[in-house]
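2 protein chains.
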Amino acid sequence: MPPRKPMTEETCPVARTVDVVGDRWSLLIVRDAFDGMHRFGDFQRSLGMARNILSDRLHRLVQAGILETRPASDGSAYQEYALTPKGESLFPVVVALRQWGEQHLFSRDEPYSRLLDRKTGKPIPFMAPLDSRGAELLPEKTEVRKVPR
Amino acid sequence: MPPRKPMTEETCPVARTVDVVGDRWSLLIVRDAFDGMHRFGDFQRSLGMARNILSDRLHRLVQAGILETRPASDGSAYQEYALTPKGESLFPVVVALRQWGEQHLFSRDEPYSRLLDRKTGKPIPFMAPLDSRGAELLPEKTEVRKVPR
Numbered sequence: 003m004p005p006r007k008p009m010t011e012e013t014c015p016v017a018r019t020v021d022v023v024g025d026r027w028s029l030l031i032v033r034d035a036f037d038g039m040h041r042f043g044d045f046q047r048s049l050g051m052a053r054n055i056l057s058d059r060l061h062r063l064v065q066a067g068i069l070e071t072r073p074a075s076d077g078s079a080y081q082e083y084a085l086t087p088k089g090e091s092l093f094p095v096v097v098a099l100r101q102w103g104e105q106h107l108f109s110r111d112e113p114y115s116r117l118l119d120r121k122t123g124k125p126i127p128f129m130a131p132l133d134s135r136g137a138e139l140l141p142e143k144t145e146v147r148k149v150p151r
Numbered sequence: 003m004p005p006r007k008p009m010t011e012e013t014c015p016v017a018r019t020v021d022v023v024g025d026r027w028s029l030l031i032v033r034d035a036f037d038g039m040h041r042f043g044d045f046q047r048s049l050g051m052a053r054n055i056l057s058d059r060l061h062r063l064v065q066a067g068i069l070e071t072r073p074a075s076d077g078s079a080y081q082e083y084a085l086t087p088k089g090e091s092l093f094p095v096v097v098a099l100r101q102w103g104e105q106h107l108f109s110r111d112e113p114y115s116r117l118l119d120r121k122t123g124k125p126i127p128f129m130a131p132l133d134s135r136g137a138e139l140l141p142e143k144t145e146v147r148k149v150p151r
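Chains as they are written, first to last, in the numbering used here: chain A, 3 to 151; chain B, 3 to 151.
Keep in mind that a hint or two might mislead.
Listed below are the simulated SDA-like cross-link pairs for lysine to any residue, each with C-alpha atoms no more than 25 Å apart in a straight line [to be verified]:
#, chain 1, residue 1, chain 2, residue 2
1, A, K124, A, E112
2, A, K88, A, P73
3, B, K143, A, S115
4, A, K148, B, S48
5, A, K88, B, Q105
6, B, K88, A, K88
7, A, K88, A, R120
8, A, K148, B, D119
9, B, K124, B, K143
10, A, K88, B, H106
11, B, K88, A, E112
12, A, K88, A, E11
13, A, K148, A, T13
In case anyone wonders, no lab produced these hints; they're calculated from the structure.
Based on the sequences and whatever the hints tell you, model everything.
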């Protein structure tokens, strides 16, 4: 297999992002962190993943500045993981993944977890790219301008 | 390693989505498809990935209803891959990944590819979840209501 392009040569922001969070486990750990999960054991129970893989992914997310470690909030000896501001700014990514799943991966009467606006108690509105006037921007109305090589 | 929960038992839309597109290669193939790429050889050159892995990922994306195959538009014997409407609706996912990368993974003077609004020629506005009044909805203003077991 040809070697992967080093991240610093990659001029596409999508590619750089998926190099950091583009795997199933990292995305689900970030999702759980948004749901208020902080501890190794809680992530492990939630995700049912092997301890060594969880440990590796948490380490990588800390190295990437997405999670940070801190002493446990209850004063116990446990270490906790929390989203940094950089991690918090993955919120649109998690919402986009969620809303695509809601649209396409459940049958009509199948129940699924909902992301609610705390203030209204209602599911949050559908998120889409908007143009400068606030109208939904469809992919065919956009184009990528690549960096000249 | 404990077995992965079968997708049909998974009540979280984020989890179902990452089971379908939550890997680096699938996300990059979808990105290239949005950029107008249609052919095996073009994906391979763009992504520099092994043919057998590309073949597997394309097959899975077709199985998932994200891509469809069609005869080549130039009448040649090649087969082309194109996004279905279900695949097109991954646009917010790709935009969210892109915009996070733009915010966090490039230094100030480092060039990166831009997603432009064709009409204005300008980069598309930042996309974020909005509340029912159109104000940006921060993660701490939301909560997940899980499906009771």
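Going down the list of hints, with the structure as the test:
1. Of the supplied pair hints, the one linking K124 of chain A and E112 of chain A holds, its CA atoms being roughly 18 Å apart against a limit of 25 Å.
2. Our distance criterion of 25 Å between C-alpha atoms is met by K88 of chain A and P73 of chain A, whose separation comes to about 20 Å.
3. Proposed proximity of K143 of chain B and S115 of chain A is supported: the alpha carbons are some 17 Å apart, at most 25 Å.
4. The straight-line distance between the Cα atoms of K148 of chain A and S48 of chain B is roughly 13 Å, inside the 25 Å bound, and the hint therefore holds.
5. At most 25 Å may separate the alpha-carbon atoms for a hinted pair to count; K88 of chain A and Q105 of chain B meet this at roughly 9 Å.
6. Pair hint K88 of chain B plus K88 of chain A does not hold up; C-alpha atoms about 30 Å apart against a cutoff of 25 Å.
7. Proximity of K88 of chain A to R120 of chain A is assessed by CA-CA distance (about 23 Å); at most 25 Å being required, the pair is judged to hold.
8. Only pairs whose Cα atoms come within 25 Å are accepted, and K148 of chain A paired with D119 of chain B is accepted, the gap being roughly 14 Å.
9. Among the hinted pairs, K124 of chain B with K143 of chain B is inconsistent with the structure: their alpha-carbon atoms are about 31 Å apart, more than 25 Å.
10. For the given pair, K88 of chain A sits about 7 Å from H106 of chain B by alpha-carbon distance, which is consistent with the 25 Å threshold.
11. With a CA separation close to 19 Å, the supplied pair K88 of chain B and E112 of chain A stays within the 25 Å bound.
12. In summary, the hint linking K88 of chain A to E11 of chain A is supported, as the alpha carbons are separated by about 22 Å, within the 25 Å threshold.
13. Our distance criterion of 25 Å between C-alpha atoms is met by K148 of chain A and T13 of chain A, whose separation comes to about 8 Å.
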